[in-house]
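Undergrad: Here's the letter readout for the chains.
Number of protein chains: 2
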Amino acid sequence: MKPGDKVKILTQDKEYEGTLMPSLQETGKDTYILKLKNGYNIGIEKKTVKKTTVLKEYIPAKNKKDKIEQDNSLPTISILHTGGTIASKIDYRTGAVYSSFSPEDLLKMFPELSKIANFRSNLISNMWSDDLRFKHFEVIAKAVQKEIKKGCQGIILGMGTDNLAVASAAMSFILEDIPIPLIFVGAQRSSDRGSSDAAMNLICAAEFITKTDFSGVAICMHEHSSDDTCAILPACKTYKMHSSRRDAFQPVNDTAIAKINFNTNKIEFLQKNYVKKDLKRKLNLKSNMENKVGLLKIHVHMDPKQFEFYKGYKGLVIEGTGLGHTPGQAPNEISNIHKKIYPALKKVIDSGCVVIMTTQTIFGRVHMHVYDKGTDLTSLGVIPGEDMLANTAFVKLSWLLGNYSKEETKKLISQNLRGEINERLTEDMFLN
Amino acid sequence: MKPGDKVKILTQDKEYEGTLMPSLQETGKDTYILKLKNGYNIGIEKKTVKKTTVLKEYIPAKNKKDKIEQDNSLPTISILHTGGTIASKIDYRTGAVYSSFSPEDLLKMFPELSKIANFRSNLISNMWSDDLRFKHFEVIAKAVQKEIKKGCQGIILGMGTDNLAVASAAMSFILEDIPIPLIFVGAQRSSDRGSSDAAMNLICAAEFITKTDFSGVAICMHEHSSDDTCAILPACKTYKMHSSRRDAFQPVNDTAIAKINFNTNKIEFLQKNYVKKDLKRKLNLKSNMENKVGLLKIHVHMDPKQFEFYKGYKGLVIEGTGLGHTPGQAPNEISNIHKKIYPALKKVIDSGCVVIMTTQTIFGRVHMHVYDKGTDLTSLGVIPGEDMLANTAFVKLSWLLGNYSKEETKKLISQNLRGEINERLTEDMFLN
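Chain order of the listed sequences is A and B. Using this note's numbering, you'd call the opening residue of the first sequence number 3 and step up by one each time. Using this note's numbering, you'd call the opening residue of the second sequence number 3 and step up by one each time.
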């Protein structure tokens, strides 16, 4: 057996089938690493193995670059790639999946795309979305601007899923008045797996761009765990709700914008009031982001120093509990440490930091005039973040501080600019 | 009009009906505060008001304490109260809801309870769950121990909802081998509101305690937004998923243990393998908690100092992205700051801190051998937290460090002790 071979391994209690991975340095002598059909790796102790069989020998594929043919009757879509699972391959060295992408490969991997549009493809970076810094948003925004200038009906942006929804929110602020659709597409399973969602997500995004008049930033991912429909999700109101499911991306306090049936190609809009495509509209690129912005999740038994850390920051988003709370009123008989949290928070605000409250319940909204805790916090200067996701509030706050004065920021943060605040989520919805 | 009166206020554009609240200090001169039927307050500028009508004058209720009659044929339930919305009243001073509780009031407020069982009622503390410190868990645990010694069929623990699921997880670790059921009950709407869930949640918990042989820690809250069923939820695998809905509490990577039909009193078990009630079993109270434990939520554009802050801590739970990632591999051309995150994390681990990885997707599990990011982190010494909720991992880590050695803690953290890790959530579930 050698790495890459499809093999069958029989142990004392069970039979395993999969692809043999190269051994890990630490455990290599004692353990086989097997990539199972479901795409995940398991380790099998060599001493428990009774029999091994090679089912299919691994022969490395030749890497020739095919020129893609253009059909002049079709619209043009630009694909910008930043890395992530959607273009990942297996690393036979570590046995893990790593991000490796050449733009030509994409169309070779997904030939169906060439029937929908002509594609330009550009690799902006090759990274995991975890490593995104605000500066990357500027790099991406400028690449989008360049593609719009070159002319196209829409742009597909491939990205790792971990921070895809955060990046789409950031882009919706940065790319003011974008004349065409910019659709973020990711994959929860890599293309070498039978259950990969990469092809369907890409194809649905291309269908949506070419068959509708939608403009603006959105996300295209599986709507359900089955391969029937993709959802076009709102850039600022989407959360990755599962670590591995293909339908992990869910709208929060909002509905999907549209859905695309993969089998019939039928597109149904669930939101009607979107901004229409207008190739003459001028993109207003505002890519400044304030670097000194933090995000702090509240938990029980906090230390005031966890708050004080953000003294000197320009902005801080708190992911509070429930309707927007932090600790701060613990009874004396147990501990005095909680009593130091409001003063710590006050120090942060007095240092010039704009502090926004969101909720860790994901769904719902902060409402800081219901309990005295909330009113105490707003008296300190904490600004309610309405029904914004913490991550959306975080990139919005950095963007506002980068492009507006502190006073304007404090006003604009609770106003709906890009669909990040659902004005339909009124008090009445609390009756449910 | 005076505070407390039911009034109708006609403005230039609209008519409002509700209870007049006392004015706020800052805006009192110019604004009426009206508590609407849905329980929330709105401000109405006095200058826009055309007409006001008093519909029903406010007459303060007399406060006489009724002695509760005992029925010797009924089982005994002990109610322990810690504060929160379930016992909150309106503060006519600030117009907000504040927590105020006298145990006798509860049975007066919910007379239906006296048909189900005899109740003992004790006020442990009167606080918001936001302010919980580990020491409170000990206070609660000792109160539970005392009630068990006194003898009862089960205990209802009333608590604010914000950290109710965190406290129930902590209690399930602390109260090893608990012989009877301890059911956490909260309310998302206070008892003075028509839509309050306080009564139904309490009644269903009492029904569940008296009509089944379940023992252990669990939560009883609305299953849906309608008043039909309550769910008995697993103590370690429940998350408050909405800021205000009555069905905010949802099982994560698990199912409800049982559901109770409020109209028919029928109880249906969804989990069959629970530990049975046994009044002879001896409670093993392990209430030590390590104080120096933190929780850090990952976001884009992090500063290595946010990690370094936890140097010297005994434990840290990271709420990573996706399958369990942090930033750490940013390309050089943009910034070097990300490259300092792994070294910062290493410093924290080298200082003696046990670092556990969980995921901010809430649903699903970490899986740190899929991508090279994950394998890099485990090489640093980060321990995968399986499918544990971040908050559950947080209290479990503090509890383990309080009662076991560091080496035992590192082993036990990824083992299922109280249903906090779903062993049924196998690799196969990733095919969805």
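In short, the hints are calculated from the structure, not lab data. There may be inaccurate statements among the hints.
Intra- or inter-copy, both count: the list cannot distinguish identical chains.
[To be verified] Cut-off 25 Å, straight-line C-alpha distance, at most; resulting in silico cross-link-like pairs (SDA-like, lysine to any residue):
#1 K349 with T380
#2 K288 with I336
#3 K294 with A346
#4 K348 with N338
#5 K144 with S198
#6 K39 with I351
#7 K48 with Q417
#8 K348 with N124
#9 K294 with K313
#10 K288 with K408
#11 K279 with E310
#12 K284 with Y60
#13 K316 with Q147
#14 K58 with T380
#15 K349 with E310
#16 K349 with Q147
#17 K413 with I118
#18 K49 with I126
#19 K342 with I126
#20 K151 with T257
#21 K117 with S407
#22 K313 with K341
#23 K16 with F264
#24 K284 with D7
#25 K294 with I336
#26 K16 with S123
#27 K349 with P306
#28 K316 with P306
#29 K117 with Q14
#30 K288 with S337
Undergrad: Please go over all the hints and tell whether each is borne out by the structure.
TA: We went through each hint and held it up to the structure:
In this assembly of identical chains, K349 and T380 lie within 25 Å of each other by CA distance solely inside one copy; the values are 14 Å within and 37 Å between copies. Taking the closest pair of Cα atoms, K288 and I336 come within 25 Å of each other only across two copies (19 Å); inside a single copy the shortest separation is 50 Å, beyond that limit. Taking identical chains as interchangeable, the C-alpha atoms of K294 and A346 lie at most 25 Å apart whether they share a chain (18 Å) or sit on different chains (19 Å). Only within a single protomer do K348 and N338 lie at most 25 Å apart by alpha-carbon distance; the minimum there is 17 Å, versus 32 Å between protomers.
For the identical chains of this complex, K144 and S198 are neighbours neither inside a copy (30 Å) nor across copies (52 Å), given an alpha-carbon limit of 25 Å. Proximity of K39 and I351 under a CA criterion of 25 Å is satisfied in neither setting, with 53 Å inside one chain copy and 35 Å between copies. Taking the shortest Cα distances, K48 and Q417 sit within 25 Å of each other only across copies (24 Å), while inside one copy they are farther apart (61 Å). Taking the shortest Cα distances, K348 and N124 never come within 25 Å of each other, neither inside one copy (47 Å) nor across copies (36 Å).
In the homo-oligomer, the alpha carbons of K294 and K313 lie at most 25 Å apart both inside one protomer (10 Å) and across protomers (22 Å), since each shortest distance falls under that limit. Taking CA atoms no more than 25 Å apart as the test, K288 paired with K408 passes inside one copy only; the shortest distance there is 17 Å, against 50 Å between copies. For the homomeric pair K279 and E310, neither the shortest alpha-carbon distance inside one copy (46 Å) nor that between copies (47 Å) is at most 25 Å. Taking identical chains as interchangeable, the C-alpha atoms of K284 and Y60 are never at most 25 Å apart, the minima being 52 Å within one chain and 59 Å between chains.
For the homomeric pair K316 and Q147, neither the shortest alpha-carbon distance inside one copy (28 Å) nor that between copies (48 Å) is at most 25 Å. Taking the shortest alpha-carbon separations for K58 and T380, neither the intra-copy value of 66 Å nor the inter-copy value of 32 Å comes in at or below 25 Å. In this assembly of identical chains, the alpha carbons of K349 and E310 lie at most 25 Å apart whether taken from the same copy (7 Å) or from different copies (21 Å). Taking identical chains as interchangeable, the C-alpha atoms of K349 and Q147 are never at most 25 Å apart, the minima being 41 Å within one chain and 41 Å between chains.
Within a single copy, K413 and I118 get their C-alpha atoms no closer than 44 Å, and across copies no closer than 53 Å, so neither meets the 25 Å cut-off. Taking identical chains as interchangeable, the C-alpha atoms of K49 and I126 are never at most 25 Å apart, the minima being 46 Å within one chain and 56 Å between chains. Taking identical chains as interchangeable, the C-alpha atoms of K342 and I126 lie at most 25 Å apart only when they sit on different chains, with a minimum of 23 Å there against 46 Å within one chain. Taking the closest pair of Cα atoms, K151 and T257 never come within 25 Å of each other, the shortest separation being 32 Å inside a single copy and 52 Å across copies.
Taking the shortest Cα distances, K117 and S407 never come within 25 Å of each other, neither inside one copy (48 Å) nor across copies (62 Å). When the C-alpha separation of K313 and K341 is checked against a cutoff of 25 Å, the pair qualifies both within a copy, at 18 Å, and between copies, at 24 Å. For the identical chains of this complex, K16 and F264 are neighbours neither inside a copy (38 Å) nor across copies (47 Å), given an alpha-carbon limit of 25 Å. Neither within a single protomer nor between protomers do K284 and D7 lie at most 25 Å apart by alpha-carbon distance, with minima of 53 Å and 55 Å respectively.
Only between protomers do K294 and I336 lie at most 25 Å apart by alpha-carbon distance; the minimum there is 17 Å, versus 35 Å within a single protomer. With identical chains, the CA atoms of K16 and S123 are never at most 25 Å apart, being 46 Å at best within one copy and 55 Å at best between copies. Taking the closest pair of Cα atoms, K349 and P306 come within 25 Å of each other both inside a single copy (11 Å) and across two copies (22 Å). Taking identical chains as interchangeable, the C-alpha atoms of K316 and P306 lie at most 25 Å apart whether they share a chain (19 Å) or sit on different chains (17 Å).
Taking CA atoms no more than 25 Å apart as the test, K117 paired with Q14 passes in neither setting, with 51 Å inside one copy and 58 Å between copies. Proximity of K288 and S337 under a CA criterion of 25 Å is satisfied inter-copy only: 20 Å between copies versus 47 Å inside one chain copy.
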